[in-house]
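Hints in hand, dock the two standalone chains.
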Amino acid sequence: MAIDIISWILLSLGGAFVFIGGLGALRMPNLYTRMHAASLTDTMAAVLIIGGIMLQAGATLVTIKLAAILLFLLITSPTASNALASAAILSGLHPEEGKIDAREQRE
Amino acid sequence: MIILFGVFLLTLLVITALAIVQTESLFAAVILTGIFSLLMAANFFLLDAADVALTEAAIGAGISTVLFLGALALTGERERGKSTNRLIALGVVTVTTLIVIYATFDKPRHGDAEAPVHQHVGPWYLEKTPELIDIPNSVTAVLGSFRGYDTLGEVFVVFTAGIGVLFLLSARSAARPESANPSAEPGQGLRHYLVPRVVGRLLIPFVFLFGLYVQFHGDYGPGGGFQAGAIIAAAVILYALLEGEGQALRALPMDVLKWLVAGGALLYGAVGVAGMLLGGNFLDYNVLASDPIAGQHIGIILIELGVGITVTGVLLCVFHAFAARGKL
Chain A
0 MAIDIISWIL LSLGGAFVFI GGLGALRMPN LYTRMHAASL TDTMAAVLII GGIMLQAGAT
60 LVTIKLAAIL LFLLITSPTA SNALASAAIL SGLHPEEGKI DAREQRE
Chain B
0 MIILFGVFLL TLLVITALAI VQTESLFAAV ILTGIFSLLM AANFFLLDAA DVALTEAAIG
60 AGISTVLFLG ALALTGERER GKSTNRLIAL GVVTVTTLIV IYATFDKPRH GDAEAPVHQH
120 VGPWYLEKTP ELIDIPNSVT AVLGSFRGYD TLGEVFVVFT AGIGVLFLLS ARSAARPESA
180 NPSAEPGQGL RHYLVPRVVG RLLIPFVFLF GLYVQFHGDY GPGGGFQAGA IIAAAVILYA
240 LLEGEGQALR ALPMDVLKWL VAGGALLYGA VGVAGMLLGG NFLDYNVLAS DPIAGQHIGI
300 ILIELGVGIT VTGVLLCVFH AFAARGKL
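The listed protein sequences correspond, in order, to chains A and B.
Numbering that gives the first Met the number 0 puts the first residue of the first sequence at 0, with every later residue one more than the last.
Numbering that gives the first Met the number 0 puts the first residue of the second sequence at 0, with every later residue one more than the last.
Do not rely on the hints blindly, as some may be mistaken.
Claimed, not checked - Below 20 Å or equal to it, Euclidean Cα-Cα: the simulated EDC-like pairs (lysine to aspartate or glutamate) are:
no., chain 1, residue 1, chain 2, residue 2
1, A, Lys64, B, Asp50
2, A, Lys64, A, Glu95
3, B, Lys127, B, Asp149
4, B, Lys127, B, Asp218
5, B, Lys257, B, Glu153
6, A, Lys64, B, Asp218
Keep in mind the hints are simulated off the structure, nothing from the lab.
Isolated chain B (complex conformation) (with noise of 0.2 Å):
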């Protein structure tokens, strides 16, 4: 049954791009872009893989679909003419379909437990979980704990990319210092506008709840510091597109929003350094408490902060940098 929903799932995947492909109309393939992602969502929630899955849902279908919009209501909605290369690209096209067919047949079967990944190392993260660290959700276990080296490495890719969006957008908004007068403020939102307006403020609390749920809750099920950072400033993003850009900057303004951006690594960091100060190795959490256990609980909740910290801010801060250059 679970085949069936996959190969279906994984068509409706094929139409969809073939749709994207096909598509004149910007506006069109963005909305499709989105459908895309909620569909690979499901697709990996039939994979098992819960916490990816509500990462592509907020990310994917959310997030990057209300950049997306803002990008294009700064350029326009049409395609430009066609390229003429249009057989070098079949070609390109051809020849990197054969190379992926071709290096599906080295593939282990689809679940297969002998596959080299499940022999690997995953065995004995799943052993050592409940004893090492003890979290139902052995995800969290190896993002944090196990793997939390890489997860560090993330981080500063997330923040990197947000300090490099703000270096490129933002460049000429401080050669236009008038721009940044609040009085002549063009983005009022949805003001005028009365029933998303109720229905979005009444929806707003709870889409905060739900955030710091997924993030508080990312040891026992599905969720951390990446969705609920995604979650959080779909929230905010919300309330700005409800009340207008000012206001949101208002109640969070762009100072603040670069405080999150790098405090949230720098919690990071911090955690790992105070490891080694308590006689351990860099993210080392079993020394964080008298016992072991408990170290690593305090360890993976304050990481997963400053994952949370970071992406809200970097998300944040794309979003108003999108979002003041259509100002200009």
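The shape of chain A in the complex, shown without the other chains (with noise of 0.2 Å):
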């Protein structure tokens, strides 16, 4: 029972950021703060979204492989993030620094 409800804490906050990580994604204003958002989905909702379904499947090989899962995706995603902030820059697009009436203005 205790684990049931453990998991759930854990699905239900895994599950409010990947909103977050979506809306921020829609709602930031620039590719960089975009993958910020967007990031939160596969590092922070992943672990907790994981840890949930690990409760749930209790000590079985699905535990373990889950964890194998989490371990990827813990590697690979901040690599693909990294490789495409390094794209960004790459292609000539850098981060726009001062002070956020910037955007403002050019809209």
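Below, the structure is given as structure tokens:
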């Protein structure tokens, strides 16, 4: 029962982080801030959701497989974000510095 | 609940398809096609077709995206001007849609146990698999043994496709022998770029291990030669992207790849012929060992190995053919 409640909390929190990440990816002003929001989905949300599922699976082989998936995600997602940001810089899109007003002035 | 997921995924599929048609950037279209395949894989999984889902994810979302990107690198990223015959296109699409919708009226209800497809040979396969072949994954039993001829045909389709691509794409490189000079090597990959290189090098052995697991675990769970071939090819392609294509070609030269392409299909055929020589029919695995069930296991492992080898070889040949075109 306690395990069910904890896993429920983890899954809901994970869902919330996916939602926030999605919202950020839509609403943030430029590529880098959007990536920052989206990376929430594949790090924090992934940890929480897979943690919740692991609690549901209990001490079985499934949990070990889930742990392997989590490890894989934690290694590859930041690498993908890094590659994306680096590709953006190489193609000439530099992060904007300065105040937030810059965005409003442009619009 | 499952029906809700299904509707959600199918809606996303339609949205993705519309986005693919709409976008003018071919690069975006390729990425969207990858997303489409991934959604399709999830959809297959919902329908309990785990083997098909694995294939779709590995080939549709993985390898074909890389091949499309390779093709884009040779052409351009923008779509050329729209064709003027849009009315004709609209007419064709409308008529086709109406025909498809009309055809669905005759379709049995989703999951209907009385549907003809579930009444024909399916029950017999499911009933006889534990008795005749004795492996848990009845998909592999059907694919490898009961319908071994069909799978042999599929392997030769893959083989033929690989030969065709090699003929079409390597035609010009033969005419220009100086491009084969290994010292002038433009494909350096991502050597200068540390983070993906370190992580990629870390992952490649595990990707290989997973490919071998999928290959040899196909009797017991989702997987088999087609999926494993795609995964192992993906590992080599990752290596080529990180270290440069030349380095990958040094590890697995084109001659070896051609042997893989032919050898896998040959292994499959040889298992069939071995059955004939031992007194059975073509692709009859019962005679491969003294115990018919052990013979079935040996036969299925061998033909799956043949499938995996051919698929790996063909996918890598196609990749290298695209990559070599870029150098010209």
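> Can you give the numbers of the hints that this structure goes against, from lowest to highest?
Replying inline: When the structure is compared with the hints, only number 2 turns out to be violated.
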